[in-house]
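Student: Go ahead and model the full structure; you've got the sequences and the hints to work with.
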Amino acid sequence: GLRAIKDEGGITIAQDEQSAKYYDLPRSAVAAGCVDLVLRPEDIAQELVKLSRHPYVPYLETEGAENLLPQSDLEKIFGLLRKATKVDFADYKHATIKRRILRRMLILKKEKMEDYLKYLQTNPGELSSLFQDILISVTGFFREPETFEALKHEIFPSILKNRSADDAIRVWVPGCSTGEEVYSLAICLVEYLDRSRVHPSIQIFATDVNEAVLEKARQGVYAASASISAERLQRFFVPTNGSIQVSKPIRRMCVFAKQDVTADPPFSKLDLIVCRNLLIYLGSSLQRKLLPIFHYSLKPTGFLVLGDFETVGEFDNIFKLANKRLKIYSKKPVDTRTPLDFSSRYIAARDEQVDEPGASRQAESRAPEQEIFKEADRILLTRYSPASAIVNGDLEIVQFRGRTGAFLEPAPGKASLNILKMARQGLMTDLRLALDKAKKSGETVRRDAIEIRSDGKYLDVNLEVVPLKTHTGYPCFLVAFEEALPNPAPSVSRGRVRGEKSGKERRTEDLKIVRLQQELSATKDYLQSIIEDKEAANEELKAANEELQNRNLELTQAHNDMTNLNAGANVPILMTGSDLRLRSWGPLSEKLFNLKASDLGRSIFDINLDLQTPDLKGTIEEVVAQDVDKELEVRGPHGRWFLVRIRPYRTADNKIEGAVLAFVDIDRIKQVEEELRARSGHLEDLVEERTRMLSNTTRMAAIGETAGMVGHDLRNPLQTIINT
Numbered sequence: 001g002l003r004a005i006k007d008e009g010g011i012t013i014a015q016d017e018q019s020a021k022y023y024d025l026p027r028s029a030v031a032a033g034c035v036d037l038v039l040r041p042e043d044i045a046q047e048l049v050k051l052s053r054h055p056y057v058p059y060l061e062t063e064g065a066e067n068l069l070p071q072s073d074l075e076k077i078f079g080l081l082r083k084a085t086k087v088d089f090a091d092y093k094h095a096t097i098k099r100r101i102l103r104r105m106l107i108l109k110k111e112k113m114e115d116y117l118k119y120l121q122t123n124p125g126e127l128s129s130l131f132q133d134i135l136i137s138v139t140g141f142f143r144e145p146e147t148f149e150a151l152k153h154e155i156f157p158s159i160l161k162n163r164s165a166d167d168a169i170r171v172w173v174p175g176c177s178t179g180e181e182v183y184s185l186a187i188c189l190v191e192y193l194d195r196s197r198v199h200p201s202i203q204i205f206a207t208d209v210n211e212a213v214l215e216k217a218r219q220g221v222y223a224a225s226a227s228i229s230a231e232r233l234q235r236f237f238v239p240t241n242g243s244i245q246v247s248k249p250i251r252r253m254c255v256f257a258k259q260d261v262t263a264d265p266p267f268s269k270l271d272l273i274v275c276r277n278l279l280i281y282l283g284s285s286l287q288r289k290l291l292p293i294f295h296y297s298l299k300p301t302g303f304l305v306l307g308d309f310e311t312v313g314e315f316d317n318i319f320k321l322a323n324k325r326l327k328i329y330s331k332k333p334v335d336t337r338t339p340l341d342f343s344s345r346y347i348a349a350r351d352e353q354v355d356e357p358g359a360s361r362q363a364e365s366r367a368p369e370q371e372i373f374k375e376a377d378r379i380l381l382t383r384y385s386p387a388s389a390i391v392n393g394d395l396e397i398v399q400f401r402g403r404t405g406a407f408l409e410p411a412p413g414k415a416s417l418n419i420l421k422m423a424r425q426g427l428m429t430d431l432r433l434a435l436d437k438a439k440k441s442g443e444t445v446r447r448d449a450i451e452i453r454s455d456g457k458y459l460d461v462n463l464e465v466v467p468l469k470t471h472t473g474y475p476c477f478l479v480a481f482e483e484a485l486p487n488p489a490p491s492v493s494r495g496r497v498r499g500e501k502s503g504k505e506r507r508t509e510d511l512k513i514v515r516l517q518q519e520l521s522a523t524k525d526y527l528q529s530i531i532e533d534k535e536a537a538n539e540e541l542k543a544a545n546e547e548l549q550n551r552n553l554e555l556t557q558a559h560n561d562m563t564n565l566n567a568g569a570n571v572p573i574l575m576t577g578s579d580l581r582l583r584s585w586g587p588l589s590e591k592l593f594n595l596k597a598s599d600l601g602r603s604i605f606d607i608n609l610d611l612q613t614p615d616l617k618g619t620i621e622e623v624v625a626q627d628v629d630k631e632l633e634v635r636g637p638h639g640r641w642f643l644v645r646i647r648p649y650r651t652a653d654n655k656i657e658g659a660v661l662a663f664v665d666i667d668r669i670k671q672v673e674e675e676l677r678a679r680s681g682h683l684e685d686l687v688e689e690r691t692r693m694l695s696n697t698t699r700m701a702a703i704g705e706t707a708g709m710v711g712h713d714l715r716n717p718l719q720t721i722i723n724t
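So in the working numbering, the last spot in the sequence shown is 724, and the numbers never skip.
These aren't lab readings, by the way, just hints derived from the structure by calculation.
There could be a bad hint or two in this list.
To be verified - Subject to a maximum C-alpha distance of 25 angstroms in a straight line, what follows is the list of computed DSS-like cross-link-like pairs (lysine-lysine):
1. K670 <-> K655
2. K542 <-> K216
3. K118 <-> K93
4. K86 <-> K258
5. K670 <-> K617
6. K86 <-> K542
7. K161 <-> K269
8. K534 <-> K289
9. K152 <-> K332
10. K469 <-> K542
11. K542 <-> K83
12. K469 <-> K534
13. K542 <-> K596
14. K534 <-> K269
15. K248 <-> K655
16. K439 <-> K248
17. K670 <-> K591
18. K216 <-> K86
19. K93 <-> K289
20. K161 <-> K112
21. K440 <-> K421
22. K83 <-> K93
23. K534 <-> K332
24. K437 <-> K421
25. K332 <-> K299
26. K83 <-> K118
27. K258 <-> K289
28. K327 <-> K269
29. K534 <-> K258
30. K542 <-> K289
31. K299 <-> K258
32. K289 <-> K86
33. K534 <-> K512
34. K439 <-> K469
35. K98 <-> K109
36. K332 <-> K269
37. K440 <-> K414
38. K258 <-> K248
39. K161 <-> K289
Values in this document were obtained by computation on a predicted structure and should not be read as measured data.
Tutor: This is the structure:
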């Protein structure tokens, strides 16, 4: 909610957590970067009054806001942002950026643009805050659910059609922000693949110019209140410290990388591009630049998804509507590819022209001329370029250009694209020599008037081999062929004044010059296509390396946490795989069981752990198979007693891949039990003795009592007898 308010130009205030009774809510809002001011309750009202009196407040919700900032001041701000962030906002929509600038001036209580400019120049932190404000965007999980349903029922089936399991699904999400949409796509793909017969891997490239939001996206931690169904929460998320985190299997599918989509090379060979609500922030010139790049990046069967208020505009010749209501487009095949410019060199040029407001307009005025020149080059190349072939360092043909049938033909036998094997009769020797010389010297090699046999007749052929230099250093060559023109008649040349050329000779030379120019143009065009492909591949590699570095950092941190946890727990721990082989142990376990590095991967029962227990193996297997916890009391090394707690080893996706054994030292408890047991036995003996003595005493007392009664009974008759 706070992010949506900021996106509309509003100001957000949170209560100071020290004065809050329940501080979780303001703390989470501040941590999310959605709060402009943090104040005590008694200060909030005063701040609202101050904000309402700012002279720019009435203009924030009207079109008049654009007229408050002169273009010259705006371009100065663009220059400062360019130097600080390497992002050029000059061709973004100015109205949106002006509202963001006014919002920052309102928060800082700056009423004059010159004051704000000075503040920007002396406070790098404000440049960062303005940068974050300009790039803020509202996102969420499964935003506009109809689009995701259309992907599941219309687009994913087309992408999966005739796809093998080893052909990964490749998706690009430019302007990914904090990653909710990226993970939503991954979850939808996984859910769809659950019902599919093939299960290719998923690669989602998510890019943004804002490193701060990328870091949050990589972590995949979001508020527990996120709008996600209970079923998806249980399957694809794990609770963590009052929040939820995207499960590791889903996070592994997503590569987050910093990229300026308007300047850096794109990704290639993509099945799907999801670019919702990015184009609406870009000016028309950037939109015209991006859409051909998206077309280049997609596979022939690829799809492009745009936002509700976005269209492909004039590029309906390269994109076709697949779903009009949801703005989903499919790629159209084209005969000629639109020239692309996705190098970042223009940023450096812009940096040199920070103080030249008209520079961008001058560049735009030159654009039509460049298009005319390129179109003329294309026509000349199509009509007059010689037959040629591109070969790699192994002399394999990688591309045919023009009609090469008069000079090359398929060789009999096993199919091969080796240019020497395909050379017509009489051409191979000169071709081999020319290629060898060009490879060694790195210079163009030409051979004229080579007699070859083609289609039953003999031709004189001129051959030229041009080395092509690439960024990778891998050699390639352009091999051009042309029929040699017949020599002029001797009588004509003898009758001509020395130095004078006939019209035919001049036409021949002119044609040769044209052909050379066209060959050069063809070479440049080919090199440009190679550069574009290499830059796209480099961008993908850069993104993968960036993601790998972040994962290595996470792995190192997790390893450090585990090491410190094991050291602090003061409990020996062993971890086994499902095959009961040791996969890890703590430092106390190494000391207790005398473990060595060579024991890693060995069966736990091939190592003498000196544990006296009847069926430890069966117990571990039961824990792994039945997903239960078990406890055993065993006697271990040095005769000490341990309570062994055995639990399943669970992965991030809740799979059981082994067991964890924790050895709690209960030797002292056992000693106390033995002492108590011994004392208990002694007490039992005493009680038994006392009981026996008491029993004897009771028996004697009973005898005495009986004797007394008998004596009394005898005394009376005896007394009677005596008296008598």
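Student: Compare the structure with each hint and give your call.
Tutor: For each hint, the structure was consulted:
At roughly 36 angstroms between alpha-carbon atoms, K670 and K655 are farther apart than 25 angstroms, so this suggested pair is violated. Pair hint K542 plus K216 holds up; C-alpha atoms about 19 angstroms apart against a cutoff of 25 angstroms. For the hint pairing K118 with K93, the CA-to-CA distance comes to about 24 angstroms; that is within 25 angstroms, so the pair holds. For a cut-off of 25 angstroms, the pair hint linking K86 to K258 stands: about 12 angstroms separates their Cα positions.
For the hint pairing K670 with K617, the CA-to-CA distance comes to about 24 angstroms; that is within 25 angstroms, so the pair holds. Straight-line distance between C-alpha atoms of K86 and K542 comes to about 17 angstroms, which keeps the hinted pair within the 25 angstroms bound. A C-alpha spacing of about 16 angstroms is found between K161 and K269, which places the hinted pair at or below 25 angstroms, so the restraint holds. Among the hinted pairs, K534 with K289 is consistent with the structure: their alpha-carbon atoms are about 19 angstroms apart, no more than 25 angstroms.
With a C-alpha separation of about 22 angstroms, the suggested pairing of K152 with K332 holds against the 25 angstroms cut-off. Distance restraint check for K469 and K542: the Cα-Cα separation of roughly 23 angstroms lies within the 25 angstroms cut-off, and the hinted pair is therefore satisfied. About 22 angstroms separates the Cα atoms of K542 and K83, which keeps this hinted pair within 25 angstroms; it holds. With a C-alpha separation of about 13 angstroms, the suggested pair K469 and K534 falls inside the 25 angstroms cut-off, and the hint holds.
For the hint linking K542 to K596, the alpha-carbon distance of about 39 angstroms lies beyond 25 angstroms, and the restraint is violated. Between K534 and K269 the CA atoms are separated by roughly 13 angstroms; this keeps the pair inside 25 angstroms, and the hint holds. For the suggested pair K248 and K655, the alpha carbons sit about 12 angstroms apart, so the restraint of at most 25 angstroms is met. Distance restraint check for K439 and K248: the Cα-Cα separation of roughly 49 angstroms exceeds the 25 angstroms cut-off, and the hinted pair is therefore not satisfied.
Distance restraint check for K670 and K591: the Cα-Cα separation of roughly 22 angstroms lies within the 25 angstroms cut-off, and the hinted pair is therefore satisfied. The suggested pairing of K216 with K86 holds, with an alpha-carbon distance near 21 angstroms, which does not exceed 25 angstroms. A hinted pair counts as satisfied when its Cα atoms are at most 25 angstroms apart, and K93 with K289 qualifies at roughly 15 angstroms. This hinted pair does not check out: K161 and K112 have alpha carbons roughly 60 angstroms apart, beyond 25 angstroms.
Straight-line distance between C-alpha atoms of K440 and K421 comes to about 21 angstroms, which keeps the hinted pair within the 25 angstroms bound. For the hint pairing K83 with K93, the CA-to-CA distance comes to about 20 angstroms; that is within 25 angstroms, so the pair holds. Restraint check for K534 and K332: the C-alpha separation of about 23 angstroms stays at or below 25 angstroms, so the hint holds. Pair hint K437 plus K421 holds up; C-alpha atoms about 19 angstroms apart against a cutoff of 25 angstroms.
With a C-alpha separation of about 10 angstroms, the suggested pairing of K332 with K299 holds against the 25 angstroms cut-off. Proposed proximity of K83 and K118 is supported: the alpha carbons are some 16 angstroms apart, at most 25 angstroms. Restraint check: the Cα-Cα separation between K258 and K289 comes to about 19 angstroms, which is no more than 25 angstroms; the hinted pair holds. Restraint check for K327 and K269: satisfied, since their Cα atoms lie roughly 21 angstroms apart, inside the 25 angstroms limit.
For the proposed pair K534 and K258, the alpha carbon gap of about 18 angstroms is at most 25 angstroms, so the pair holds. For the hint linking K542 to K289, the alpha-carbon distance of about 22 angstroms falls within 25 angstroms, and the restraint holds. With a C-alpha separation of about 23 angstroms, the suggested pairing of K299 with K258 holds against the 25 angstroms cut-off. The straight-line distance between the Cα atoms of K289 and K86 is roughly 19 angstroms, inside the 25 angstroms bound, and the hint therefore holds.
Proposed proximity of K534 and K512 is contradicted: the alpha carbons are some 32 angstroms apart, above 25 angstroms. A distance of roughly 11 angstroms separates the Cα atoms of K439 and K469; the hinted pair therefore holds under the 25 angstroms criterion. This hinted pair checks out: K98 and K109 have alpha carbons roughly 16 angstroms apart, not beyond 25 angstroms. Straight-line distance between C-alpha atoms of K332 and K269 comes to about 15 angstroms, which keeps the hinted pair within the 25 angstroms bound.
Distance hint between K440 and K414 is unfulfilled; the C-alpha atoms sit about 30 angstroms from each other, more than 25 angstroms. Between the alpha carbons of K258 and K248 the distance comes to roughly 21 angstroms, so the proposed pair stays at or under 25 angstroms and holds. The straight-line distance between the Cα atoms of K161 and K289 is roughly 31 angstroms, outside the 25 angstroms bound, and the hint therefore fails.
Against the hints set out earlier in the document, violations occur for numbers 1, 13, 16, 20, 33, 37 and 39.
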